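Protein chains in written order, with my numbering: chain A, 211 to 604; chain B, 211 to 604; chain C, 211 to 604; chain D, 211 to 604.
All clues given are correct.
For chains that are exact copies, the list does not tell them apart, and a pair is met inside one copy or across any two.
Quick list of in silico lysine-lysine cross-link-like pairs, BS3-like style, CA-CA up to 30 Å:
| # | residue 1 | residue 2 |
| --- | --- | --- |
| 1 | LYS363 | LYS454 |
| 2 | LYS496 | LYS363 |
| 3 | LYS354 | LYS496 |
| 4 | LYS454 | LYS496 |
No wet-lab data here; the hints were simulated from the structure. Just so we're clear, the structure is a prediction, and the values are computed from it rather than from any experiment.
Protein chains: 4
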Amino acid sequence: MRSDIGVGLIGTGFMGRCHAIAFRTAAAVFPLTIVPRMEAVADVNLSAAEEVAHRFGFARATADWRDLLDDPSVGVVAITSPNVLHKEMALAALEAGKHVYCEKPMALSLADAREMAAAAEASGVVHMVGYNYVANPAVIFARKLIDEGVLGKIIHFRCVNDEDYMADPSVPYSWRCRRDTAGSGTLADLGGHAVSLALYLAGPIASVSARVSTVIAERPVLDGESLTRSGPPNAASAVTRTAKVENEDQAVALLQFENGALGSLSSSRVAWGRKNYLAFEINGTKGTLIFDQERLNELRLFEAGAIGDDRNGFRTVPMGPEHEPYGMFLPAKGHQIGFNDKKAIEVARLMRAIAGEIHPYPSFHDGLAVESVIEAIERSAAEGRWIEPGTLAG
Amino acid sequence: MRSDIGVGLIGTGFMGRCHAIAFRTAAAVFPLTIVPRMEAVADVNLSAAEEVAHRFGFARATADWRDLLDDPSVGVVAITSPNVLHKEMALAALEAGKHVYCEKPMALSLADAREMAAAAEASGVVHMVGYNYVANPAVIFARKLIDEGVLGKIIHFRCVNDEDYMADPSVPYSWRCRRDTAGSGTLADLGGHAVSLALYLAGPIASVSARVSTVIAERPVLDGESLTRSGPPNAASAVTRTAKVENEDQAVALLQFENGALGSLSSSRVAWGRKNYLAFEINGTKGTLIFDQERLNELRLFEAGAIGDDRNGFRTVPMGPEHEPYGMFLPAKGHQIGFNDKKAIEVARLMRAIAGEIHPYPSFHDGLAVESVIEAIERSAAEGRWIEPGTLAG
Amino acid sequence: MRSDIGVGLIGTGFMGRCHAIAFRTAAAVFPLTIVPRMEAVADVNLSAAEEVAHRFGFARATADWRDLLDDPSVGVVAITSPNVLHKEMALAALEAGKHVYCEKPMALSLADAREMAAAAEASGVVHMVGYNYVANPAVIFARKLIDEGVLGKIIHFRCVNDEDYMADPSVPYSWRCRRDTAGSGTLADLGGHAVSLALYLAGPIASVSARVSTVIAERPVLDGESLTRSGPPNAASAVTRTAKVENEDQAVALLQFENGALGSLSSSRVAWGRKNYLAFEINGTKGTLIFDQERLNELRLFEAGAIGDDRNGFRTVPMGPEHEPYGMFLPAKGHQIGFNDKKAIEVARLMRAIAGEIHPYPSFHDGLAVESVIEAIERSAAEGRWIEPGTLAG
Amino acid sequence: MRSDIGVGLIGTGFMGRCHAIAFRTAAAVFPLTIVPRMEAVADVNLSAAEEVAHRFGFARATADWRDLLDDPSVGVVAITSPNVLHKEMALAALEAGKHVYCEKPMALSLADAREMAAAAEASGVVHMVGYNYVANPAVIFARKLIDEGVLGKIIHFRCVNDEDYMADPSVPYSWRCRRDTAGSGTLADLGGHAVSLALYLAGPIASVSARVSTVIAERPVLDGESLTRSGPPNAASAVTRTAKVENEDQAVALLQFENGALGSLSSSRVAWGRKNYLAFEINGTKGTLIFDQERLNELRLFEAGAIGDDRNGFRTVPMGPEHEPYGMFLPAKGHQIGFNDKKAIEVARLMRAIAGEIHPYPSFHDGLAVESVIEAIERSAAEGRWIEPGTLAG
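Hey, can you work out the whole structure from these sequences and the hints?
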């Protein structure tokens, strides 16, 4: 028997829309026992909420996100608001007894994330954080290869998450540039994704050494633009002054994993030409695995001694139905899923966790582990010494 | 104002499921004036129909596809049944005054396709054929580059559509191997997609020279397997005999375009390692463009003199919101759409055509042009001489 | 014991220089029993001959190539003159009892090539034609994989040789544009290389169907420029008129191999962006092999069932010492040889053939087979029907 | 007028052979004013010395390298002996007034390298260290792009030098595993190359933070195998015990450049599948540049705003005659040089420096800068803190 659960979505930006699509797709393509029912959308901009509700089939829209918490027909709250609001909303939703699906990063500070994780653990509801790249079948398959010993013991993990959305100095000042609205810079936005892959694939990180820099020190301020708004400037806006960017444009870090593996991490929001370059290379004692999210449907795998050495080399492995859960979308190999499908996989996990079939991943607990590493990177950069994330997680 | 139209879906296989997802996704991500409403699913296997109806939100299921035609709540019929049934169903749907969205190939013979196109032209309804790769934003962008003259005059078009789903000789005999159920072999299944790209990008084909071959002459017959069924064999099936494959495993053809360009086409269902290798290279007097559906979110473009020659080379152009309609799915470049999204773009075209906003493409008329080229290739292979598709289209 | 043999080199252009480097390199890196001794260089431009002699260590220079034939210290003649001169020089060298190493194409017409091959067969000396891409370790390894059955039975061979050196319409009229100085166009210059790979890897070609076209019908004539000269125009030259290009800029052909495999060939000298795109894809009943000379140190190989299907994919195999004779140049895999090294491999073959250790390949007999296919392609294009190269070779 | 200079080569291994080829090739393909004359080869194994002398045209062979220093016909000494011998030989050669061309690393310790650099500076002769990858035309072109401002201000430099030649735990214990014969492990062998590129392209390094690890702690000892010998074991050898590996298999480091750029470096000799993966990515404020020595003839370049954004992307730029000094080897773009050609470019620099035409690069002074960074990486790894190479160089 199938039952359903009402979804309350907060936010209608890139991620709000993305969640809406993912809930719809997951409901159709996965054989879920509990199916999401589009119940309500909240956005301070009511007409945006109404438009999304209409388009994606939500029953109603509201300008007040607290309405969702009071509504008994809403069982799960999806939080895609600006990062500065995550904590307040998540805590309120937990308090209201709703399952919580919160976009990353969890909060602007590690202390806040810790508070959220503690509340979540205490709540008894299902909680998840949107580090969605771990839901890519290629990444799931990478983990399977590791678990099955195909790569041998993991000895090295190198990862990068670079984009260029702020590489142009004329990109205006926004909430992303401020400590009080964004927390860290590229680390909060992109670096956390790389950390989520590192933790998922190579395990806990014992210690980090890092350095960061702000490449574009000042950016133009557009009059009349809200600081919580991202995206292209309003054409009517006039630039009359600049403001100081308060957080880092790029970061580099060394990673010492608990299992002895070495690693490194780079993250940049000013790396020209990169659009979604979330990439890793894993070396093990039996093989090497390479991935790049800009070609999300393939892995490059080298296995020592897989075949005669004169015929050996990196294999480009295309994803297919044998790589779960690709087959939910397509029965044919190499036909390719997209970014939104990956988000639907995340939602399907959420639904299955709500149904008690699996443990949610990444939970607030897992999200906290990511934020701890990010915090350790920031502190290491500030203090010029190795920092152990484990000493920060509280 | 938005209105809706009832969808009647025939078939629940790969393409049936794919249509169901596409209708749902298109309804949400595109700002349609006429929105698809999931009305009914038909499949001779009623439980399959019921399962799809339940999963994808159709109001009801039936074992008799003719029910859809009698149902006034159904406005558009999507035909994803085995190829042998396309003609009968399409003609009946047209007769019933429904809009028709028919999977490719249109029919098993050119004569049948011609009859279907004539009926469609006479009908006054909207008709489309599922040559969906022309709906990929990368392909649409390729056409835009050509139309804008970026490549100059087109002088060469080379295309391939290779897969390996029948490369293993133990893949059993099926309806795909028979003339009376499949018509041609790789040409009907894969070659038509390559032709659809050729016609869309390089224009009408004046003449072809071709050769085909059947690589695996006989295949094992599985007892108890229906000939209309494809997919992996039932484990309980026993092989007691083999049967002769009646159509081609691979084909090669030269293409003489009306505009003077030369070209070639290859198609194979027995090309090991290829999964969805629908690829083309276009040479123009000002540049070259390369595409491969196995990396569907990128194009490789060379422009003569775009920059100083010592810095020139093929650019790998990632798709993004500036390549319509990628932006309907994602606001960020390089994040990638998937196969199913491309099919949703096709459905959105269908809906917009029904709303009278655009001409449908590819219509039955366009589909007939594809089938004419395929027929010309088959005849050329049989007769060992150049054949003009234009003389076959009736 | 090692002995040596005097080399007489005719021509000092791209290929003349390339031969000079190759003789020097081969002498050092290969353990030859007969070593080339740089004896003399001939060029109508005596100062060019002297410069090359000085640079590459030849004992003397001459303006008259016939001097080499009269010289008993010259044992082998390397012919790198303009194509129109190959026949006369090769016949004279054979007549003089010299071993002959002639650049491709052998001659401007099949009749001439046939005469040269007959003279060579009758001569008792060693004769080779410079279809050097068959000497690439990657190509030799491809042949080995085929011979060992790794690919199974060959069913398809697709090849291309595209460059863009005449894509710009301002490239001036030259000897390459004339029938009486160049014979065919892209077929003679580039297409023959593709044919040489086809014959080497997939065997004799039974029949071809082809079409050709001249994209740039007229080219500017530079006053004061010799028609036998290629390369960039003299800056002082003034364009006062244009002349009609007499041969094809591009060609496409279907190939029916004697062993039943199908194939196709494209060749263009006007394909923007391509610099040395000599590429092939071979499908066999057990695997697929892909090569591109623009990345000459690697092959892409797919083997059916090499490993579990969820880990299978095309392997990028880097060349190394296990791929003969790469190890003559470098003991370390993946460090890469260059174009000139490949030519040195060809020269080493020549030397070993002179020492009686191996059969020369490609001999004038093998070269004639290439020219026969080129001639068949030209005739097929002219007559619009399938042509059997075997009926042309005399 | 051209003169010549006698070359005395010490060592006949991979690099000895490679130098021999390079001297011969450079003499022919470059228009040098001072040309190398093959004078003598020294190796403790006299028959190896004789074989190389014979093959590569050296006038004589000796078992005692000091013979070269006493020989007035030798003007330049090339040192390719095991690393442990570099210092003694280089100092003696400088003392003897010979020009010195020493393979990398300069020595086993920074103190030794410093002593060598000081002696070299005081000597008045030409001195060079074999960090040859800076001589690749692609790398030279990368530097040119940076110098011309095409990338804007450099903000990030990520580099890797990974191979897998010791990834197999059965690779026996050798001199490479010992501090007293090799100094550091992957850093001395591979990491130095990455550092040489970092210094050449992004400038001096102010500070590093690093960590290293030895993955395979013990390796089998082959009886009867010399510790100074590398390469595959003698088949007759029996393994009776293992010995402890004394230096690192892999290293990771953060790089703080003096110009403000951040960076990272990885080096491994146990990274399965990598053969010559010397790779870098440079981000500047105007573009990004990517290189991988495993495809040594191409660069990937992204330039912000080079063309309309919908057509922009990374360009794969093939090397050609416009990228100096590629044209010395080949007049045609995309035809590709090899590893040995790159070494010939290094030798040509040496010859031109001896002729007084250019400053030698990398000189012993430049080599010392590399060794200082390597030493800083080692110390940082040992001490767990940031180390400034500048404080180490003496």
